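Asker: Residue numbers (my numbering), protein chains in the order written: chain G, 162 to 260; chain F, 162 to 260.
Treat the hints as calculated values from the structure; they're not laboratory data.
Hints are not guaranteed to be accurate.
Just so you know, same-sequence chains aren't split out, so a pair can sit in one copy or run between any two.
Calculated cross-link-like contacts (lysine to any residue; reagent style SDA-like; alpha-carbon spacing at most 20 Å) [as the list claims (entries may be wrong)]: (1) 172 with 229; (2) 172 with 254; (3) 184 with 258; (4) 185 with 198; (5) 207 with 256; (6) 207 with 168; (7) 185 with 197; (8) 184 with 244; (9) 185 with 170; (10) 184 with 198.
This one's a predicted model, so the numbers in the text were calculated from it and none came from an experiment.
Number of protein chains: 2
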Amino acid sequence: MITEIAQLDIKPGMESEFEEAMKKAVPIFERARGCHGLDLRRSIEKPGHYWLFVAWDTVDDHLLGFRRSPDFQEWRKLVGHCFADSPDVTHADPILSFS
Amino acid sequence: MITEIAQLDIKPGMESEFEEAMKKAVPIFERARGCHGLDLRRSIEKPGHYWLFVAWDTVDDHLLGFRRSPDFQEWRKLVGHCFADSPDVTHADPILSFS
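Just chain G, same shape as in the assembly (with noise of 0.2 Å):
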C-alpha cells in the first residue's frame, strides 16, 4: 500500500467552503478502486494549506485507474474552484510506523 501526499493551497477566505466540499468528497473515494483510506490535514503554521493523503494499493490505482475515471472530474467540480494553485502531488512507501 502506497500513500498519496496531496499539498493544497485553498484560495484566502474559501476554506471552510473547502472542507465541506471534501466532505461530501469522501464517497468519491470510498467506492474508487484500490483506494483504502483518506486524511486530510490542515496546515497549523498557514492556515490555508492542506494535506490530503490517500491510500491506495498502487500508484496506477491512483494515476491510472483514478485519476482517468470520472470520479476525478466529479471530484474536481466539488473542490477545484477552491484551489488557488495546482496540488502539489507525490507518492511515498512505508518504511516503518508504530501507533
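For this one, chain G is given, so just place chain F on it according to the hints.
Answerer: For chain F alone, coordinates are given in the frame of chain G:
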C-alpha cells in the same frame, strides 16, 4: 492530536543507514511525552526524500517538550549525519478521515 510533518533529505547512498538508525530511534519516540505514533515513508518519485509523520497531543509537546529534551539530541545523534539538509518541519490539524 496534531501531526508533525517532517521532510528529510538523506545524503545519497545513506538511505539504508538512515532507515536502520530510525528503527533504533523508535523507543525514543515511544517514550516521548505526548507522542502517540510515528510513520516513516519514503518518496517514490525522489528516493532520497523521506516523510516523517509524528502524532503529538500538542505542538508544544513536540517543540517545547521533545525538542528541548536530551532524547532529541539522542535522536539527532542517531540520524543527523544522514541528513543532506536541515529537515523541513511543520504541523497540521486533523480535518476529516476515513479508513
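Asker: For every hint, state whether the structure bears it out.
Answerer: Against the structure, the hints:
In this homomeric assembly, residue 172 and residue 229 never come within 20 Å of each other (Cα to Cα): the closest approach is 26 Å inside a single copy and 36 Å across copies. In this homomeric assembly, residue 172 and residue 254 come within 20 Å of each other (Cα to Cα) only across copies, at 18 Å, whereas the closest approach inside a single copy is 30 Å. In this homomeric assembly, residue 184 and residue 258 come within 20 Å of each other (Cα to Cα) only across copies, at 9 Å, whereas the closest approach inside a single copy is 27 Å. For a Cα distance limit of 20 Å, the shortest separation of residue 185 from residue 198 inside one copy, 15 Å, qualifies, whereas the shortest one across copies, 29 Å, does not.
For a Cα distance limit of 20 Å, the shortest separation of residue 207 from residue 256 across copies, 15 Å, qualifies, whereas the shortest one inside one copy, 28 Å, does not. Proximity of residue 207 to residue 168 under the C-alpha cut-off of 20 Å is found in both arrangements, the shortest distances being 12 Å within a copy and 16 Å between copies. In this assembly of identical chains, residue 185 and residue 197 lie within 20 Å of each other by CA distance solely inside one copy; the values are 17 Å within and 29 Å between copies. In this assembly of identical chains, residue 184 and residue 244 lie within 20 Å of each other by CA distance solely inside one copy; the values are 16 Å within and 38 Å between copies.
Taking the closest pair of Cα atoms, residue 185 and residue 170 come within 20 Å of each other only inside a single copy of the chain (19 Å); across copies the shortest separation is 36 Å, beyond that limit. Taking the shortest alpha-carbon separations for residue 184 and residue 198, only the intra-copy value of 13 Å comes in at or below 20 Å, while the best inter-copy value is 26 Å.
Violation of the numbered hints given earlier is confined to hint 1; every other hint is satisfied by the structure.
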